[in-house]
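Chemist: Keeping their order, the protein sequence lines are chains W and V. Mapped onto this note's numbering, the consecutive letters of the first sequence carry residue numbers 1 to 208. Mapped onto this note's numbering, the consecutive letters of the second sequence carry residue numbers 209 to 262.
In case anyone wonders, no lab produced these hints; they're calculated from the structure. There could be a bad hint or two in this list.
[Stated by the list, open to error] Not the full set, but computed from the structure, chain V residues with beta-carbon under 8 Å of chain W:
#, residue
1, F226
2, L229
3, A240
[What the hints assert, rightly or not] For each label pair, taking beta carbons as the anchor points, the in silico distance ranges come out as:
#, chain 1, residue 1, chain 2, residue 2, range
4, V, V227, W, F122, 37 to 45 Å
5, W, L134, V, A256, 46 to 54 Å
6, W, I82, V, F236, 39 to 47 Å
7, W, K120, V, P217, 42 to 50 Å
8, W, Q62, V, V233, 31 to 39 Å
9, V, A248, W, T60, 22 to 30 Å
10, V, A256, W, T182, 20 to 28 Å
11, V, G257, W, T60, 38 to 46 Å
12, V, P217, W, H141, 38 to 46 Å
13, W, W84, V, G257, 49 to 57 Å
Idealized CB from N, CA, C, for every residue including glycine.
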Amino acid sequence: MSLPPSRRRGLWSWLTGNVWFQTMFRPSVHFSLAFLTLGGFVAGLLFWGGFNTVLEVANTEQFCVSCHEMRDNVYQELQGTIHWTNPSGVRATCPDCHVPHPWTLKIARKMAASKEIWGKVFGIVDTREKFLALRPTLAQHEWDRMSANKSAECRNCHKPESMNLRLQTPQAASAHQSQLLTGEKSCIDCHKGIAHKLPVGEEIQGFD
Amino acid sequence: MMQVAAAAPNKWREMRAFVALAFLVWPFIAVAFVGAYGFAFWSYFMLAGPPGPQ
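Just chain W, same shape as in the assembly (with noise of 0.2 Å):
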C-alpha cells in the first residue's frame, strides 16, 4: 500500500484523510443505533468474559509450572509441606499465597510478572545454580511483601481469630497471644521457609 500525498502533510491529515478514519468518527448511516449499542454490549461481555478467563487461566499452579524454573524448584519444595497434603485435604497452590486477591493489586502482580517474563528469556535462573545463588534475593522479596501486608494471603485461610489457642501448644500459643494477636507481628515474621526451603541452612544440610 503506497503512501497518499497528504502523508507529508503529517500523520494526524494522512488519519482523517484515511477512510477507514471517517467511517469510524462519523455517524453510521446504514445501522441503527439499538444494532449498535447490542453490537457493543455482545462484543462486551465477550471480552469481560476472556479477560477474566485469562486472568484465571494465568492464576493457576498449572500455570506456574509450566516453566521449568518454578517446576524444578519451589514446586518440587512445596510438595512434602504442610501446604500440599494435610490431615484436611485443603491445599495451597502457588497463586493462594503469591497473587494477592484484591483486583487492583492482583493487576500489578500480573504486570511485574513482567519482569519474570525478562528473567525467562534472558535465562536468569534457568539453572539450579543460578536459582540458589539468587533464592536469598527472592525470599527476601516474599517476606518484605508479606511483612508490609501482614501476611494478607496466610490471612486468607488462617484467621487469628478463629484459632483455638487451647488446641496449640503452650509455646505456640502463648507466641500467638503475645505477638500475633496483638498486632505486633503477623505470620510471615515467624513462619519463614514453611512452603518452600530457607536460602540458608540448604547446603548446611546437604541438599543437592
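Knowing the structure of chain W, use the given hints to seat chain V on it.
Modeler: Coordinates of chain V only, in the frame set by chain W:
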C-alpha cells in the same frame, strides 16, 4: 482503499469498521488501559515499598 477525499457512506465499510472497533480496537484499548493501571501501581510500589494490609 486509495481514495483520500471523504467517501460516500458504504454499508460494507461501516460494518467492517464496526466489527473492527467492537472486537479489536476497544478490547485492545481496554487491555492497554488495565495494563497501564497495573504498571502504575507496580511502579508506585517500587518507590514507596510494598502495600500495607488490605
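Chemist: Any hints this thing doesn't respect? Which numbers, in order?
Modeler: 3, 5, 11, 12 and 13
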